[in-house]
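**Q** Starting from the known structure of chain V, fit chain F onto it as the hints suggest.
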Amino acid sequence: MIGFSVNGKRVDLEVDPSTPLLWVIREQLGLTGTKYGCGVAQCGACTVHINGEAVRSCVAPVSRAAGTSVTTIEGLSPDLSHPLQRAWLEEDVPQCGYCQSGQLMSAAVLLREKPAPSDEDIDEAMTGNICRCGTYPRIRKAIHRAAEMVAKGGAR
Amino acid sequence: MKKVQINFFLASLILCGFIAALWFSHSAAAAEPPVPTKPSAAAASGDGTLFVAFVSVLRSPRCMNCHSKGDFPRQGDDGHPHTMNIRRGATGSGVTSVKCSTCHQDHNLDGAHLPPGAPGWRLPPPGMPMIWQGLTDAQLCESIKDPKQNRNRNVSQLVEHLTEDKLVMWGWNPGEGRTPVPIPHDEFSAKVKQWQAAGAPCPAN
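Here the protein sequences line up with chains V and F, keeping their order. Quick note on this note's numbering: the first sequence kicks off at 1 and runs consecutively. Quick note on this note's numbering: the second sequence kicks off at 1 and runs consecutively.
Possibly wrong hints are sitting among the right ones.
What the hints assert, rightly or not - Short, incomplete list of chain V residues facing chain F, as computed with Cβ under 10 angstroms:
#, residue
1, Glu53
2, Val109
3, Leu110
4, Glu113
5, Asp123
Said to hold, decoys possible - Here are the simulated lysine to any residue pairs, SDA-like style, with alpha carbons at most 20 angstroms apart:
#, chain 1, residue 1, chain 2, residue 2
6, V, Lys114, F, Ser93
7, V, Lys114, F, Asp110
8, F, Lys166, F, Asp110
9, V, Lys114, F, Lys191
10, V, Lys114, F, Thr91
11, V, Lys114, F, Ala90
12, V, Lys114, F, Asn85
13, F, Lys166, F, Thr91
14, F, Lys191, F, Thr163
Stated by the list, open to error - Covered stretches of chain V, as calculated for chain F (at least 3 residues, CB under 8 angstroms):
#, stretch
15, 91 to 102
16, 141 to 148
Keep in mind that the hints were calculated from the coordinates and are not lab data. Think of the CB as a built atom: it goes at the ideal place given N, C-alpha and C, for glycine as much as any other residue.
Pulled out of the complex, with its shape left as it was, chain V reads as follows (with noise of 0.2 angstroms):
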């Protein structure tokens, strides 16, 4: 039995603990907006929060959830309103949209840490997602503009 909170929500499960944590979050607790996109950690679209810091669920063994705080991208906020949800709306970011809920795991840690990150500290943190429709303009627009929310007292 593996425990931990998703989402504010406490779950128990009988799991093999090796079990990718993207396949329990997905398939066992129905969260489908986390994507699988490569298995082997190269992409980002799987990113979710483990006591807030990105992860890649897809190599990330469910063990490694135990007692933690998961996060995923419908826990962001429950109505859309975090600002970089805001934002993205608001810049129209997504084509496909696959890659965007990891996009927007890794943009609100950098937000977090960086509450007003430069273009370098958004390649930096960005780095590891992978957009095919090459949204990576829209996306530097919106976390800038998310910030500007926050820096403004808009989130909420």
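**A** Leaving out everything else, chain F in the frame of chain V:
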């Protein structure tokens, strides 16, 4: 026939001359007291060869990929910069949403091209980056012994780090597709402890 005889005579003469020269040189050497040989650089500094005996492990890509120049880790046996432009960060553990623990676990993952891992997976911190790349054996030896460059370890703690630290031990079990460090662990430990017992001497520059 006469020409053959002359050639034989000349060859014999040369051979005799050579043997005579050898005899004279041997006699002369035997007659003189032995000239003390110049002490080797290693002997002059204690016995730096004890360090050189295991330095190949420190110079292995498994160690050097995190002890190289620049504020980024390296990968592979060729030491290429870590893909994705991974950075050292303020503590050696990466930056913001790309920390070492974003992809690396506390153990290797099965399969090629999957992130390797060990407890404490990280680079040295920027304030003490422990860069070994480009150092001579002597410089490397002095560097790892220097508490200002080795996280305040004395020699005993350094030896413990080299022979027991789980992150260092990973070098002997680096996972699929990575060449382990070149000396078996028990042999390496014995060499390190032999070096320690001799006073941890470093090679001369």
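**Q** Each of the hints needs a verdict: does it hold here or not?
**A** Taking the hints in turn, this is what the structure says about them:
Interface restraint check: glutamate 53(V) against chain F, minimum CB-CB distance 6 angstroms, threshold 10 angstroms, status holds. Given the 10 angstroms rule on beta carbons, the hint for valine 109(V) holds: about 4 angstroms separates it from the nearest Cβ of chain F. Given hint, leucine 110(V) at the interface with chain F, holds; its Cβ is 5 angstroms from that chain's nearest Cβ, closer than 10 angstroms. Nearest Cβ of chain F to the Cβ of glutamate 113(V): about 5 angstroms, under the 10 angstroms cut. The hint holds.
Checking aspartate 123(V) against chain F: minimum C-beta separation of about 7 angstroms stays under 10 angstroms; hint holds. For the hint pairing lysine 114(V) with serine 93(F), the CA-to-CA distance comes to about 16 angstroms; that is within 20 angstroms, so the pair holds. Of the supplied pair hints, the one linking lysine 114(V) and aspartate 110(F) is violated, its CA atoms being roughly 35 angstroms apart against a limit of 20 angstroms. Restraint check for lysine 166(F) and aspartate 110(F): the C-alpha separation of about 18 angstroms stays at or below 20 angstroms, so the hint holds.
Between the alpha carbons of lysine 114(V) and lysine 191(F) the distance comes to roughly 47 angstroms, so the proposed pair goes past 20 angstroms and is violated. Among the hinted pairs, lysine 114(V) with threonine 91(F) is consistent with the structure: their alpha-carbon atoms are about 15 angstroms apart, no more than 20 angstroms. At most 20 angstroms may separate the alpha-carbon atoms for a hinted pair to count; lysine 114(V) and alanine 90(F) meet this at roughly 13 angstroms. Annotation: proposed proximity of lysine 114(V) to asparagine 85(F) holds, straight-line Cα distance about 19 angstroms (limit 20 angstroms).
For the given pair, lysine 166(F) sits about 19 angstroms from threonine 91(F) by alpha-carbon distance, which is consistent with the 20 angstroms threshold. Proposed proximity of lysine 191(F) and threonine 163(F) is supported: the alpha carbons are some 10 angstroms apart, at most 20 angstroms. Note: the stretch 91 to 102 of chain V has 0 residues with beta-carbon separation from chain F under 8 angstroms; the three-residue rule is not met and the coverage is violated. Check result for the stretch 141 to 148 of chain V against chain F: violated, 0 residues qualifying (beta carbon to beta carbon below 8 angstroms, three or more required).
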